[in-house]
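Number of protein chains: 2
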Amino acid sequence: MLSHNTYFEGAVQSIGFTRNGRKATVGVIAPGEFRFGTDAPERMTIVSGALEARLDGSEVWRSYPAGTSFEVPGKSAFFVKATEPCGYVCEFL
Amino acid sequence: MLSHNTYFEGAVQSIGFTRNGRKATVGVIAPGEFRFGTDAPERMTIVSGALEARLDGSEVWRSYPAGTSFEVPGKSAFFVKATEPCGYVCEFL
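Chains as they are written, first to last, in our numbering: chain A, 1 to 93; chain B, 1 to 93.
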């Protein structure tokens, strides 16, 4: 029912689940900079710590403290930077 | 740096991390009822879905929707019930 996902040699890990027919994950991003490609559109909500993010095609890094979120188009990509471990919820829209 | 924790045959799974010297996990509780023992005091914050919880020694179940939290004393225990997968942040205090 739950899945464990690991990326970037374990520097990003998440637990996946489905609720009301929608897929989501909760996870942690260790310190570093990472690129994620999207298939479906996604909403990333920061739930612990803080994250910087930049959408593909933009030069602008934005800061997202816990309690804030951003959305990423499908068939796209985004870049994140964490200076401390950051907890997030990712909803596939 | 990150750890993957699994309990109750995979029905509860979390990713553990340390920030500012404090340990925390983000995880998912699959539908079911589970008992957790505590060593250190913990703060549980619901970040996706909803959870019912009861502290050891209490008869009262309380509902915690996403955005709410509860604290559990150390050397204690608490019971949770989820009807749908529930995402949480657990901070060790």
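Simulated from the structure, these hints should not be mistaken for lab results.
Just to be clear, a hint being listed does not mean it is correct.
Said to hold, decoys possible - Ranges of calculated distance between the beta carbons of each label pair, as one might list FRET restraints:
| no. | chain 1 | residue 1 | chain 2 | residue 2 | range |
| --- | --- | --- | --- | --- | --- |
| 1 | A | Arg43 | B | Ala50 | 28 to 34 Å |
| 2 | B | Thr83 | A | Ser3 | 32 to 38 Å |
| 3 | B | Glu71 | A | Glu84 | 32 to 38 Å |
Said to hold, decoys possible - Per the computed footprint, the stretches of chain A lying under chain B, defined by three or more beta-carbons under 8 Å from a beta-carbon of chain B, are:
| no. | stretch |
| --- | --- |
| 4 | 35-42 |
| 5 | 47-58 |
| 6 | 77-90 |
Nothing here was measured: the structure is a model prediction, and the numbers come from that model.
Note that CB positions come from ideal geometry on N, CA and C, so glycine has one too.
Hints the structure fails to honour: As far as the earlier hints go, 1, 2, 3, 4 are violated by this structure, in ascending order.
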